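Student: Sequence:
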Amino acid sequence: MKMPRPQQLEEIDHIHAKFWSDYGANYLLTAVIGLNRVHERSDLVRTALAETLPQYAKSRVAAAWACLRLELNDQIELLQDIQMNTRWVPLKWSCEQVLKQMS
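In this text, residue positions in the sequence shown follow my numbering: the first is 22, and each later residue adds one.
Accuracy of the hints is not assured; some may be wrong.
[Stated by the list, open to error] Lysine-lysine pairs mimicking DSSO-like chemistry, simulated, CA-CA at most 30 Å apart:
id	residue 1	residue 2
1	121	39
2	39	79
3	79	113
4	39	23
5	121	79
[What the hints assert, rightly or not] Computed spacing ranges between beta-carbons, pair by pair:
id	residue 1	residue 2	range
6	106	31	31 to 41 Å
7	23	43	19 to 29 Å
8	24	117	25 to 35 Å
9	75	26	12 to 22 Å
10	78	39	17 to 27 Å
11	58	118	12 to 22 Å
12	25	68	18 to 28 Å
13	68	106	12 to 22 Å
14	98	25	31 to 41 Å
15	105	24	32 to 42 Å
16	28	106	35 to 45 Å
17	105	25	35 to 45 Å
18	121	24	30 to 40 Å
19	27	106	37 to 47 Å
It should be emphasised that the hints constitute simulated quantities derived from the structure, not laboratory data. Remember, it's a predicted structure, so these values are computed and weren't measured experimentally. Note that CB positions come from ideal geometry on N, CA and C, so glycine has one too.
Could you build all of it, start to finish, from the sequences and the hints given here?
Tutor: Take a look at the structure:
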């Protein structure tokens with residue numbers, strides 16, 4: 022997403038409006054927001070992290086890493102809860118690593 026910030030936000034909003042319920046698009050958009058440090062759309066990261074439907078598990082991994090890049094310290098409690106209670110190893114490990122780096 023090497024484009025001016027206003028255009029990034031416009032594209033993110035477009036993808037969110039049309040494709041957010043598609044779990045592949047959800048994952049990619051969450052990852053892009055984190056990787057590009059798009060603080061203006063951190064609400065989507067928070068939403069992805071809180072999603073518990075199994076098909077969105079990969080989005081939760083992307084959201085955990087996005088919390089680190091966006092410095093979303095308000096999500097530490099949720100990250101701890103996920104890390105303690107999830108059975109899926111990639112999500113558990115990601116939350117553990119993110120929490121270590123956030124402390």
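Student: What are the numbers of the hints that this structure violates, sorted from low to high?
Tutor: Hints 1 and 9 not satisfied by this model.
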